[in-house]
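Let the hints inform the model, and build the full structure from the sequences given.
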Amino acid sequence: MTRSTGLLIKRRTTLLGAAGLAAAPFAAPHIARAADPIKIGLLLAKTGQIAGQTEYLANGSFLALEQRNKMVMGQPAELVWLDEPSPQGAVQNMQKLVQENKVCAVLGGSLSSNALGEEAKAAELKIPFVCDNAAATEITGKNCNRYTFRLNTPVAVQQRMLAPYALKSGKKWYHITASYAFGQDILRSSRALLKEAGGTEVGFDEVPLNTADFSSFILKIRQAKPDVVIGGLSGGDLTTFLKQWSELGMKGKIPFLEIAIGDTDIWGVGAEAANGTFTKLWDANNPKNTPEEKAFAEAYSKKHGKPPADKAWMGWITARSLFESIDAAKSTDADKIIEALEHWKVPAGDSSYSYRKFDHQMLVRNLAVSVKEKITDKWNFFDVKATLPENPADLDKVFGSQEEIGCKMG
Amino acid sequence: MLDILLSQTASGLVLGGLYVLIAIGLSIIFGLLGIVNFAHGAFFTLGAYLALTLVQLFGWPAVILSPVIVGGIGMLAERLLIRRLYDKEPLISLIVTFALALLIEATVRLIYGGIGQPFSPPPFMAGIFLWGPVLITKYRAGVLVTTAVVLLLLWLFLEKTPFGRILRAGSRDPEMVELLGINLPRVLTWVFGLGCAISGIAGLLAAPLWTVTPAMATNAIMPAFVVVAIGGLGSFAGAVIAGLLVGVVVALTIQFWPEASGAVMYLFMALMLLVRPRGLLGERWERFE
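First to last, the sequence lines map onto chains A and B.
Using the working numbering, read the first sequence as starting at 1 and increasing by one per residue.
Using the working numbering, read the second sequence as starting at 1001 and increasing by one per residue.
Derived from the structure by calculation, the hints contain no laboratory data.
Ideal Cβ positions, reconstructed from N, Cα and C, are used throughout, including at glycine.
Possibly wrong hints are sitting among the right ones.
[Unchecked claim] Pairs of lysine to aspartate or glutamate residues, derived as DMTMM-like cross-links and limited to a Cα-Cα distance of at most 25 Å, are as follows:
1. A:LYS195 <-> B:GLU1259
2. A:LYS251 <-> B:GLU1178
3. A:LYS372 <-> A:GLU196
[As the list claims (entries may be wrong)] Quick list of the computed label-pair ranges, beta carbon to beta carbon:
4. B:PRO1133 <-> A:GLU272: 24 to 30 Å
5. B:LEU1103 <-> A:GLU272: 28 to 34 Å
6. B:ILE1004 <-> A:LYS168: 27 to 33 Å
7. A:GLY305 <-> B:PHE1124: 31 to 37 Å
8. B:ILE1004 <-> A:PRO208: 19 to 25 Å
9. A:ALA393 <-> B:VAL1134: 51 to 57 Å
10. B:VAL1134 <-> A:LYS306: 47 to 53 Å
11. B:PHE1256 <-> A:LYS345: 38 to 44 Å
12. B:LEU1274 <-> A:ILE375: 38 to 44 Å
13. B:TRP1060 <-> A:LYS168: 36 to 42 Å
14. A:LYS345 <-> B:PRO1061: 55 to 61 Å
Spelled out as structure tokens, the structure:
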């Protein structure tokens, strides 16, 4: 009997204890929430030709969190990184981040084709999405929505910045662009600028992604005898093209220009073969970098044993804008984060970094860079030729008015 | 017009030569072992990265060791993994070799990082040959010659040596070969190593032309499968003809219809399989039917 009673008491005690533990979160919701980490999604390709860039984007975002002692809004925070295997896969993973991992916002978008799908999904899921790499004009143009913010300068704007450098060499242009959103956008924008300047397109090729051999394309360019070649290739494809351009003896014979080069693209080409003039957002060796950027570069070099590529800065500045906006919002509520992102602003030398309210496009001056005549440091390939627009007051105008870019958030 | 056709054909032959080297190893492994090796592209990547490391450490002459090491790694993989797949469903070998490909790519990424590694042709092969309208770089001409030499040596090995005869006999009737007292498992290990080593040669030759990244196999493995399918599974001569044809067809498509250059090899394969399902020189093999 005693034994039986004892067991009964133990069972009751156990049941009560278990019920008490289960009820604890309801009894003290504030304490439980305070202990939960704030989760932020990171949606970047882990494989494929763009993986070389995304490694740096991710490194920059993780470093931005570490510099805050992994705290956002005074609470522990973590980045949950999922892959972008394809545009469809990227959209599925965004849904997974929101519905399974319960993230309050998402950083990412390594390719324009992925980001266009991701921004539509972000609007559907009503989750803030800060796009850190994709440059297709439509992202903050006609496809814009109130949940999407974007760092990279749109293709059309970068193309306008680069055009004067191309026109210096002549008005007979040859286009070689990737046959997906980014390349098609470059081709469209560049043709419009060339027409405006009264120039002629002497040839064009739309190249499939992951092309291994460009020699046949280069032979075509050689036959066409253009003044300038305008590129629209991305990641590993640009690296392969530049290697083979040099190998086929074209380096220095016809100028090659392209927007949005990444340091990782040119590092893979190597000092002997690298050539061309490009736009990019940031350079680790630019003396005009802000004290925060210099501190970031130092911390990055200390952690990874090499200087940060521009992509690392892109991952860092977008993550920083999001973390600081969540701090300012004092909430993980999507509407409050969006409002804070719209008001986020940090100094950048004689201008500042901020997102425009009507299209959520970050206003950032670009750099015009050319490959050095002689490369002595394997991490430093470029001479910064200019900061564009040269007058910071023109920044808003260069990015285009609401009517010009066609963004209607409703 | 003739000058354009000649230049593009020369360019296509170099690309085709690389496809042949990648495909021939795949074809040999399938023909003799019955394994569709999805990890073949990963051995191509290993060949490129080992060449890069050997050049950095010991200079250009050391690159010859790259395919030897790749072959050795292939033999080890056969002993530890592939050997267990010979009597299994083909689907299992596809899954296991695919997993092996992912493992090799991840290991390369862990050691070298994800970004492209700079690697240019050797200084003694810099420059171009210009014969009238035909332009070809010295390095690409070297790739063509090396490919021809490797294929000739391989053909002599398979056709004219006792070991080659054992390989061919083993692929047709393994039981009979074992009854003759030949250690067939050991022979198969060598075959797998040989196929991987040839893929390693392709990797080392492609490294100064392509971007050396952990994902570079993506650009190699699909054309290799297309070449093997067009040439006929397990056919040496078929793979050679198909590889060169694919290279030239791609080059000429770039000249006249560049938008289709990515799809043309698949269209070519579809047409070939419709007309001749066994491929150009594929034979009916009782072992696989």
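Against the structure, the hints come out as follows:
1. As the CA atoms of A:LYS195 and B:GLU1259 are separated by approximately 23 Å, the hinted pair is consistent with the 25 Å bound.
2. Between A:LYS251 and B:GLU1178 the alpha-carbon distance is near 59 Å, which puts this suggested pair outside the 25 Å criterion.
3. Proposed proximity of A:LYS372 and A:GLU196 is contradicted: the alpha carbons are some 31 Å apart, above 25 Å.
4. Distance hint check for B:PRO1133 and A:GLU272: the Cβ-Cβ separation is about 27 Å, which falls inside the suggested range of 24 to 30 Å.
5. Between B:LEU1103 and A:GLU272 the beta carbons are some 33 Å apart, a value that agrees with the proposed interval 28 to 34 Å.
6. Taken as a hint, the range 27 to 33 Å holds for the pair B:ILE1004 and A:LYS168, whose Cβ atoms sit roughly 30 Å apart.
7. A beta carbon spacing of about 33 Å between A:GLY305 and B:PHE1124 agrees with the range 31 to 37 Å that was offered as a hint.
8. For the pair B:ILE1004 and A:PRO208, the beta carbons lie near 21 Å from each other, so the given range of 19 to 25 Å is met.
9. A hinted range of 51 to 57 Å holds for the C-beta pair A:ALA393 and B:VAL1134, which are about 55 Å apart.
10. Taking the beta carbon of each, B:VAL1134 and A:LYS306 are about 42 Å apart, not inside 47 to 53 Å as hinted.
11. Distance hint check for B:PHE1256 and A:LYS345: the Cβ-Cβ separation is about 53 Å, which falls outside the suggested range of 38 to 44 Å.
12. With their beta carbons about 52 Å apart, B:LEU1274 and A:ILE375 fall outside the hinted range of 38 to 44 Å.
13. Taken as a hint, the range 36 to 42 Å holds for the pair B:TRP1060 and A:LYS168, whose Cβ atoms sit roughly 39 Å apart.
14. Roughly 59 Å separates the CB atoms of A:LYS345 and B:PRO1061, a value that falls within the hinted 55 to 61 Å.
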